[in-house]
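**Student:** Okay, here's what each chain looks like letter by letter:
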Amino acid sequence: MFYREAGQFKTSYKADQALFPILQDRVGLAVILITAFAVIPALANDFFLTSIMIPFLVFSLAAIGLNILTGFCGQLSLGTGAFMGVGAYAAYKLTSIFPDANVIVMVLLSGVFSAAIGAIFGLPSLRIKGLYLAVTTLAAQFFLEWCFIRIPWLYNYNASGAIEVPHREVFGIVATGAEATPLARYFIVLGITVLITFLMANVLRGRIGRSWMMIRDMDIAAELMGIRPLQTKLMAFAVSSYICGVAGAMMVFFWLNAAEPSSYSIRLSFQVLFMVILGGLGSLGGAFMGAAFIWILPVVLKFVPGLLGFDLAAETVEHATFMIIGALIIFFLIVEPHGFARLWQIAKQKLRVWPFPY
Amino acid sequence: MLYDIFIDPFVQMYQMPDFFLQVLWEGFVAGILYALIALGFVLIFKASGVFNFAQGIMVVFAGLTLVGLNENGVPAYLALILTIGVMGVLAYGVERVVMRPLVNQPEIILLMATIGLTYFLVGFGEFVFGGEPKQMITEQLGLPTGSTAFEIGDRGLVILQHIDIAAAVIAVLMVTALAIFFNKTRIGRALRAVADDHQAALSVGISLNQIWAIVWFAAGLVALATGIMWGARSDVSFALEIVAFKALPVLILGGFTSIPGAIVGGLIIGFGEKIGELYWGGLVGGGVESWLAYIIALIFLLFRPQGLFGERIIERI
Amino acid sequence: MKNIKQFALGTAVALGVGLSGAMTTAVQAEDSNYVPLLTYRTGPYAGSGIHIANGMHDYLQMLNERDGGIGGVKLAIEECETGYNAQKGVECYEATKGKGALVYNPYSTGITLQLIPKAGVDKIPVLSMGYGLSAAAVGSTFPWIFNVPDTYWDGASVVIKYIGEQEGGLENLKGKKIGYIFLDAGYGREPLPLLEQLAEKYGFELLQYPVPGAEMQNQSSQWLNVRRDRPDYMVMWGWGAMNPTAVKEAVKIRFPMDKFIGVWWSAGDDDAAAGGEGAKGYKALNFSGVGPDFPALDDIKKLVVDAGKSSTDASSIGSTLYNRGVLNSVIIAEGIRTAQELTGKKVITGEDMRLGLEALNLDEARLAELGLKGFAHPMKVTCEDHAGSNPVFIQEWDGKKWRQASDWIEPMTDVVRPLLEQAAAEYAEKNAPWPARTEPCPN
Amino acid sequence: MNAFVTEKTLPPSDANEGTERELLLRVDNVSLSFGGVKAITDISFDIQKGEIRAIIGPNGAGKTSMLNVINGFYHPQEGTITWQGQVRRKMKPYEAASQGIARTFQNVALFKGMTTLDNIMSGRSLRMHRNFFWQLLWRGPAEREEIEHRRKVEDIIDFLEIQAIRKTPVGRLPYGLQKRVELGRALAMEPDLLLLDEPMAGMNLEEKEDMSRFIIDVNQEFGTTIALIEHDMGVVMDLSDRVVVLDYGKKIADGPPEEVQASQAVIDAYLGVSH
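Line by line, the protein sequences give chains A, B, C and D.
Letter 152 of the first sequence, counting from 1, is numbered 151 in numbering that gives the first Met the number 0, and no numbers are missing.
Letter 287 of the second sequence, counting from 1, is numbered 286 in numbering that gives the first Met the number 0, and no numbers are missing.
Letter 11 of the third sequence, counting from 1, is numbered 10 in numbering that gives the first Met the number 0, and no numbers are missing.
Letter 161 of the fourth sequence, counting from 1, is numbered 160 in numbering that gives the first Met the number 0, and no numbers are missing.
Hints in this document: simulated from the structure, not taken from any laboratory.
Worth double-checking, as some hints may not be accurate.
Said to hold, decoys possible - Some chain B residues flagged as far from chain A (calculated, every beta-carbon gap over 12 Å): (1) PHE44; (2) GLY87; (3) GLY145; (4) THR175.
Stated by the list, open to error - Lysine-lysine pairs mimicking DSSO-like chemistry, simulated, CA-CA at most 27 Å apart: (5) D:LYS89 with A:LYS128; (6) A:LYS9 with D:LYS37; (7) A:LYS13 with D:LYS249; (8) A:LYS347 with D:LYS37; (9) D:LYS91 with A:LYS128; (10) D:LYS89 with D:LYS37; (11) A:LYS128 with D:LYS151.
Source: prediction; values computed, not measured.
Don't be surprised by glycine CBs; every beta carbon is placed ideally from N, CA and C.
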């Protein structure tokens, strides 16, 4: 009824290749953006911004990063956490070496370092495939984690061994450090996430995005069609690690405020991988849905027993949360292995024909 | 610097033979334990193509169930039997609830499902038994404690823990039993048929569901043995789950489907990381054990992508 | 009506629309002092965390049961599970700070570091009792952070002092080898600068054995190294599952246990018990009472544990880490009481709490009054010194339980204090512009 | 099928009227083995510009291996390949592709997660050059390039009559259409030499006729040289200018269809006379 594309004709290839060729989708996107940029800042309280929206956006970006590698280029990686860590440590070093530089620029620049590291650890992907590759990315995870602990230069020889985010201002507004308002941090995180998502949407619909998907779907055929496998895979590793690096830097600069090496452990890798798989491999929108599910659900679950009038101990809730998350992951994998993105498509398909089911 | 890398370690090995033997022994025991965890992975991967990430937590879960039951007054041996029962129920449940609905999905989906299972078991295990570490009931189970020291000439002592010897013996027994099971029994043959070709196995009337439940159960038993052994070395706690990651480089070395590969790979990693850490680790500040195994596996893989016992992969199109 | 509202709220949350914060404020009652406890009963460090959490919770709960709170005002106690995870720690902080939280005790170096800069902004003090950032002892730089009764550097200096005593004087340490096995994270690395300095000063050799967090149950390499190096003493900075594993390994390589000394976080009963008979002689630092024989603990047992208002197992009352948790709550409670006295208010705020903690004076008389005579060394916080560098004692495992094995030993304040000042200055410089202390010292 | 035969006789004669037929590719004494198993033994043949060359032989004769050697997927242990006058021994598949060799596969090797349009667009990869940073921006050069190539691809879509499935993921298409899309993808590369590995396997008569028509049209309209493997003898005889016959990795015949058909060795091979 409302979601009909009939009657919307495209008169040029340009219009046909737009990101959202259907009017209703464009309206939907506009509504989401207005909500994100205007409604949420106007209505939300600090807790919602700092504990739900900021982490959600950071994770969404990380999930997009991993999705590029795993979802679009078909290279399974368990090293996401470490690549995020590289971004965080790089951003930390950059801000302490260039204290007067714009911290947002530094965060965006930090991804370059994780991209380089990611490309190095992507080298084995030429010879190693599938699960074997996944295990070798664990080498990156553990080795980099070790570096974060063992190279004191990375954390400026702090006795605590952790990186602490310094106070920085951008255009007179406190952007990082304890005095930064949740709102300021939220806008920065939102801005970076939206920008990178948009740029990635562009890359993915063009030649490079296609070459990644060719490698993913059938690497041999892709090679026989002129795709250089190493170059293409390394590019995916680099782009993916860049995005993960920026997400990692945002994680410490705009969310956590301080981070130990253990903040970038294998747990983080799994967290992001879950988001990608549940959201849907090879879908940008799915990355957001997956991040929302994996991050927000446990936060919400914490409040549910209280609302229902049960007085459960904190750890019982935590145990239950683990069980519920685990069970839901299996449940959703069974119901729809292609993730929320596919469920969303199916829903749209249903909407198209609604109210007549056939 | 070059001296430190290329000569000094060997001089040390020669000068302190007792210590070198001790290092080898520790490497051997660690290798056996890695091999046991890897064995659990291999069993399941062979029969169902599932890379079972939950093997690590199954080790913890099995150990925890055993100790937890004993703490609640169940005699040790009865607790052992009950735990085996619990692992059986778990295997059946996993087959029923997870494996069966996900049949024929891509391997990454199955992998994720087992990580989901990991989350569930972590929550469930802590919910039932609490999160605090527990001591393994080594003595109650009749496993030896204590240690024996051997003198190496007049150069020093090599201390062997009885529990480690028991671990080695049990590992050998377990592998032998599995080998007999695979080769001599009807179910074992069916299992191998399934490993070779699902469709073909189905068409000759082998029940995949039954086979899967059996391998999960077998993997559960291996997990229980691992849990007891590792629990006796430190204690049973959820931190142990991470140690199970060590089985992954072992699998890369040995190949995902090879039982001998798991054992040889486990030993290589066990020896390799102990010797590497003790004789070369100090050069970079120690603690290299956390990643050395992966790097060994990675380098190995670059030269032999099919693993130790895998056949050369011929790409076809 | 209320149900409908709750239902609506629940639906809103499920939709992920920002009402979570609104709900959280609804829980708080007006006439109570709200104390959030960031605890962990799950995750890899649960083994240590559970006892701490029980101790902290039970003492405050007992005050509610016995005295109706503090100063006639009940305590609203809420646990928030962090799992020793920095992400969840921040979430817990954000979720609870709006409810009028008086003080935070993160029980994780990582979470403490996250909260240190926030404390001054949100005006809620952080009490990291015997952990966290050592430099925070310098109250003029860190007015909002308290790490009474001791910093890690105090602890490390006591260990060396004790070893010196065993050897018949610090001068005899020359040429000795002291091994340091530690959790390879900020926590375990923190004492290194002090130990290195002391090594230089007294001429002993410091050998380092880092244990990666992910591998804390797999320490055979570290202990093989110990066996090769044959240090005269071993010092341990461990936490969670690292402790019992280390004790077991030490027994395994037949290291003389009476020369193996853990920090106060390696002093758990389970930690030592893991080594069985062989662990006899293992020593650890401690600053909270040994055993259950204190009137206040009896009250806890009677009013809280036996009454089923806690998840504590009665047998664990009196264990080291449980008592540690109790001491933590004693400091919180005394801080609140002092703040009430200073401000004349019954329901206080975080700012008042800071004043209370800074004026904390837990002398012997007061300890006795609390039913905790001898439970801790008398401690006094001053505006400049938020740690106090109080004496600690050594306890020894006799195979069944801990018993006190030394008198109270003073830390080497002369060495520690300058190091603290220096570290504080460095921290402020690295985090420039670090806010200067806004509240002048009262004296 | 008769209709094709009459059409078919034309192009070679056209070419013969001109100068000497130009060699596009020559294979000399190529041998290939896998761990002791010989797949190809000492094979030599050539492909002339503009012709349709068929490679036939019983199962396991080494036909697909031969194609794999030509486009660089397998590296022969012995022998050389001369491509447009240049001798080479070994090259990477993507190098072969960039030099103008395209192919289809015995078992359809489409990119299953992508739409028909994207699959065919992927054939244009080598001809698109806008770098990563233009791609990020999209607006401007990258978009213009995309549209330019989209036009070419739409021509191919029109040519193959698959307009209706443009936006359908290829995984959902029936087999016959998948084969057609695969042909489209290879065509999008505008190759000099098009290798078709059993383009009509598993098709019904009608589909085979369509496919034959497309192959001939490609050959005549675009002047593309084609080498194909096919089992359907009727199709081979109708379509091809010259045929090379392999058996057990050895060449047993080479020449115009009629000649080959009459060869005793070929008849033996197909009837399974023991060697």
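**Student:** Compare the structure with each hint and give your call.
**Tutor:** Structure-based check of all given hints:
no., hint, in the structure
1, PHE44, "9 Å, violated"
2, GLY87, "20 Å, holds"
3, GLY145, "34 Å, holds"
4, THR175, "28 Å, holds"
5, D:LYS89 with A:LYS128, "24 Å, holds"
6, A:LYS9 with D:LYS37, "56 Å, violated"
7, A:LYS13 with D:LYS249, "52 Å, violated"
8, A:LYS347 with D:LYS37, "55 Å, violated"
9, D:LYS91 with A:LYS128, "19 Å, holds"
10, D:LYS89 with D:LYS37, "18 Å, holds"
11, A:LYS128 with D:LYS151, "34 Å, violated"
Checked against the numbered hints listed earlier, the structure breaks hints 1, 6, 7, 8 and 11; every other hint is satisfied.
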